[in-house]
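Engineer: Here is how the chains run, residue by residue.
Protein chains: 2
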Amino acid sequence: MTDSIRIPARALQSLAEAVLTALDLPATDARCVAELMVKADLFGADGHGIFRLRRYTDRLRAGGVNPRPNITVQRQEGATALVDGDNGMGHLVMRRCADLAMDLAAQFGIGWVGAHHSNHAGAAILYATMPLERDMIGLYMAVGSANHLPPWGGTEMLLSTNPISVAVPSGHNGPVALDMATTVAAYGKIKTAAQRGESIPEGWMIDKTGKPLTDPKRANEGFLLPVGGPKGYGLALIFGLLAGTLNGAAFGKDVIDFNADASSVTNTGQTIVAISPRMFGDVEHFKSAVDDIFDTMKSSPLLPGFNEIRLPGERAYASLKERTDNGVPIPQALVRDLNALAAECGVAPLP
Amino acid sequence: MTDSIRIPARALQSLAEAVLTALDLPATDARCVAELMVKADLFGADGHGIFRLRRYTDRLRAGGVNPRPNITVQRQEGATALVDGDNGMGHLVMRRCADLAMDLAAQFGIGWVGAHHSNHAGAAILYATMPLERDMIGLYMAVGSANHLPPWGGTEMLLSTNPISVAVPSGHNGPVALDMATTVAAYGKIKTAAQRGESIPEGWMIDKTGKPLTDPKRANEGFLLPVGGPKGYGLALIFGLLAGTLNGAAFGKDVIDFNADASSVTNTGQTIVAISPRMFGDVEHFKSAVDDIFDTMKSSPLLPGFNEIRLPGERAYASLKERTDNGVPIPQALVRDLNALAAECGVAPLP
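Chains as they are written, first to last, in this note's numbering: chain A, 361 to 711; chain B, 361 to 711.
Think of the hints as simulated: they come from the structure by calculation, not from any bench. The hints are all genuine.
Intra- or inter-copy, both count: the list cannot distinguish identical chains.
Think about it this way: if two alpha-carbon atoms lie no more than 25 angstroms apart in a straight line, the pair counts; the simulated DMTMM-like pairs of lysine to aspartate or glutamate are: (1) K613 x D652; (2) K549 x E682; (3) K658 x D567; (4) K647 x D614; (5) K681 x D363; (6) K568 x E668; (7) K613 x E668; (8) K551 x D697; (9) K551 x E581.
Build the full structure now, drawing on both the sequences and the hints.
Structural biologist: Structural data, given as structure tokens:
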């Protein structure tokens, strides 16, 4: 990141908001998407942050995404709901689903809300952590926006990196917030390595004969490996059924590669679940028990070669604090492209 | 398995039921536990089937498990419930929780039921598949009954193999039923290799200096590796928080090794979730869509070295059918021990 410069989150947000408004999003929607995009950068999920603005722009311009969706609750029964995203930006659909899931959880102890006709929504951790706003546990699953993974033992890319994120509130420690793709490496890491001219480690990808693929420029000759072999494949499949098929969203052959195709409706599926610890006992007691588990894990003696135990989400929350204070490191090339995008849209460049 | 003989499931069930009745379980409870134990064998989860009867007997005799629990719904609000297992056999507690989760899901679309003061309940797939009885999706998480896993980068065994199982109904194909430990290998496989005098592959365990441990007789000098490194650790931790801490059950330092300690109350935690696809659309349409995904995965061209694509649960359901027809293969040594146990309890041996 030696060629990066630090840019305040507020400046990135303003640019994204202005660009999205120029692309016909209503002002409040543009602000919501911009905030969530930049929050991904703050969390350290660079591959899901402001970097994606160019692609979102392409898809909005090409008619692949509806800038003014009528997001509706299509079905709501008991503690579950199904939301029709009307092909709007995924961030908007998921913000709506998270709010509904929390409302349901406040009433029923749990809220399970699925969406169809959503779109790429960025980092999973953004949504799993929303229920923390109300001292609830959050769980998010999604069908990824391009297939890079065959079923275990196969060569046809029928699965995406279908991620899961789960966030659990705690007391004095930060939340525990797992966010993981079901592949060994996210596809963004392959693209980054290719841009930098670096090779990738064995174990990330294989070619169509099963041999390790370590040249990321040859990525389209192979595919990602699932985490833990058949187990990761199983998780990707299950999350796809729960976040895609159950919601009437695309999964399997129906998934459109949103990086290759700017104009088709993706019918992306995502699911968010909120769980209220209040239903199981005293919330402060629960958060304190999570703190104890956090501290217990940290206190383990270390293996040679390690200098600390990390809890899931610890790095993301440390990044959130550090980047909020010091700005988000943005590569020079991305700064140039964001300013070009601003110029195209007739809005102010980065300061 | 050359030294195994095939024994009909009914004969194994009768023996387990008689032994458990002799150990003071009420007749209907003994039957329920026996059926679930043998169903684990039928599913091919030999390490969780009739093989465990000796250990359950030890713990019942030593007062570590309550043969006549008063299993109660301690809290029930909306779609969630917390069950006090009263230290009964885990199978009974989870059967009760699964029934309640389905009742809640019928009413609210989803039911999330956690338990504390439960015990080892055998194979996760037994419980995740229960909601299939009512065309529902099932999800089961548990805190394992002994810690074999340190946090990633550590050496203190603070985590168990905390499994997850998810089962999704389908139409003409079998259900999709994932059942996985969050470690590369289940601990039972290590014990089996040690008994057979075999070595274990690199990647299953490491010693306290981080070196591969391949001699299973030295298992107590090392620990299991999580699936996918830090990701498996993250999953084990999250499932522990959701199935243990949230339910007021043991997790972390509090977990008692039920193989080493026969008399202490384990306060085992498990959670079962039922989700009704009815709330999201037509059930038959959903099951047919799951069939399509199943068929699509199976149809992928194969990597060299593979002769088929398997769906999660496919092997378990094939085993269920084959072993129901032909009997369960039981090693001779286990047959002898089961008959010795029967003699100790004054009940009939295997026929």
